[in-house]
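Asker: Chain B: place on chain A using the hints.
In order, the protein sequence lines correspond to chains A and B.
Residue numbers for the first sequence follow my numbering, so the first one is 1 and each next one is one higher.
Residue numbers for the second sequence follow my numbering, so the first one is 1 and each next one is one higher.
It is possible that some hints are incorrect.
Here's a subset of chain B near chain A, in silico, CB distances under 8 Å, partners left out [stated by the list, open to error]:
hint: 1; residue: 120
hint: 2; residue: 157
hint: 3; residue: 159
hint: 4; residue: 161
hint: 5; residue: 162
hint: 6; residue: 165
hint: 7; residue: 199
hint: 8; residue: 200
hint: 9; residue: 201
hint: 10; residue: 239
Just so you know, the hints here were simulated from the structure itself, not pulled from any lab data.
All C-beta atoms in this analysis are idealised placements derived from N, C-alpha and C, irrespective of residue type, glycine included.
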Amino acid sequence: MLTRLFTLVLLALIALPLSAATTLKIATLAPDGTSWMKQMRSAAKQIEKETEGRVKLRFYPGGVMGNDNSVLRKIRVGQLHGGAITGGGLSSVYPDAQVYTLPFQFRDLQEVDAVRRVMDPLIIEGLHKAGYVSFGLSEGGFAYLLANTPVQTTDDMHNLKIWIPEGDEINARMFKALGIAPIPLPMTDVMTGLQTGLIDTIASSPIGAIALQWHTRVKYLTEVPLAYLYATLVITEKSLARLEDADRSVVTRTLQETFSKLDAQNRQDNRQALDALQGQGIEFVEPSLSQRQEWEKHANTMLQALSDKGLFDAAMLKQMQQLIQAARSTSANL
Amino acid sequence: MAYRPLLSLSILLLVVWLSGCVSMATDRLANNLSQAMLNQTDPEIVRSGAPAYLLLLDSLIAQSPDDQGLLFAGARLYGAYAGGLVSDNQRQQKLTEKALDYARRGLCPETPELCQALGAPFEKFSLALAEVDEEEIEGIYLYATSWAGWIQAHSEAWSAVADLPKAEAMLQWVTAKDPAYDNGRAQLYLGVIGSQVPPTLGGRPEVGRQHFENAITYSHSRDLMAKVEYARHYARLVFDKPLHDRLLKEVLEADPVADGLTLSNVMAQQMAAKLLQDDYF
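Okay, chain A solo, but in the shape it has when bound (with noise of 0.2 Å):
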């Protein structure tokens, strides 16, 4: 008995340390060795440290585990915790994540700022209820149109083959509504569809633009903010209360550090590949204010009966364009 007891008590020494070390499994697109790779992971060895080993994060760079959605799948089923995923890739478990990436709402980076101050804790809280925790989002910039002719007019796309995400449902209502009927493809597909002439018209960052080299395959950039791109990391709500109270203060703390440089660091990058992108030779054209604010009342009109169907709240989409509004009034008053 005695020493059935010491082994009971020996097993309770060595297995506490053990059941008390949680691995949280993060996937994400970056590809290991990217700056956004090397953030996390000396985040993760920070949290490691603080810890005590008690949590630790692996990670699954380079997009192994799929795209947004197989990611989200993934945790669905408790095969990863956490995921690195954009706001269009979230709206299928928060609708309203996807609110900043709407077409044709912001002007500048002015109003980015002022609806974000206020409008981050809304999705961050909105993916909350969701059951999954989200620790900052971070910049992914805006997505402009990059093609082969000068676009400035909507009649100067009714002859370009213009690529949409697949899936994306508002753009091509929109671009349907103008008249044009956008070629929907898979991210995979776009480089390939650029070469072979399937697509000759993209939108995307300036970063993704040169990090995928799709701006070896266009001349012209439109200077009008399409949407606004960003990207977080969420985990379930689930695995983080498994954590003690001081380790998940830990994760948190660290996390949102970490998200919130990465945010800075790539309003910068942005700006510094835009001037890349001139600099290899894109010529930038500027539509006319009346074209810009024809684009914008047509998105608005098609945006308002999308939200009538209930693909998204209209509440935030009003509140978004209120603090918009309020920003650009502001800007036209200095």
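Answerer: Relative to the frame of chain A, chain B by itself:
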């Protein structure tokens, strides 16, 4: 999300500097020195000895500023030293700048149209490259590898990263003319460049994989760096642990002594040991 390709083309440049054509008077000295360094089993000796040779080459180039052989030797050595033996990024930036300048001065008198198009849009650059005569293969290769080294040292700058497709196109031009060029090192560069973008984002790492396989074949498996880069870039990108570990173990078990490759192979073994210890998978 920020995506900045990691280029670790660094040590590849070491062997590029297998110099042959340094001008007459200095020919034997340069060749002997190059060979002595490349066949060295202790990287530290080369690390501390190479700067003297860099100074020597600078002075020779100052005397004969248009000597293509000397300029190419300068591009090779500065690129190799910066990529393989220097870890301070600011120094790497300056040294690769010099390598690229020497490569440009060596190549451009022969290919003025291409050189005018280096900063042009990609399509125009590609057309100019297609017109270059096959006999410029050494200059194109040296320019491409010096450029790749320069891009790596400046990979924090998007303007540099945006140039990568042009350096890649030049290397593709080289392998189209001679698939085995430089004992497969041109293939090795293309393997690294081709394994940067994951398939989920439209990358085609299988193309990179084929280049790595070619690099191993053309070097008759003597170039251990080919296997290290294959593991580090391709196997890690596609998360293939068995391939990763097999390649690195093969590197550790191999005899590093191979004419012209010893130094690079010793460094490859050091890297392989580190990579196997990483908790990547």
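Asker: Evaluate each hint against the coordinates.
Answerer: Status of each hint after checking the structure:
no.	hint	in the structure
1	120	6 Å, holds
2	157	7 Å, holds
3	159	4 Å, holds
4	161	6 Å, holds
5	162	4 Å, holds
6	165	5 Å, holds
7	199	6 Å, holds
8	200	3 Å, holds
9	201	6 Å, holds
10	239	4 Å, holds
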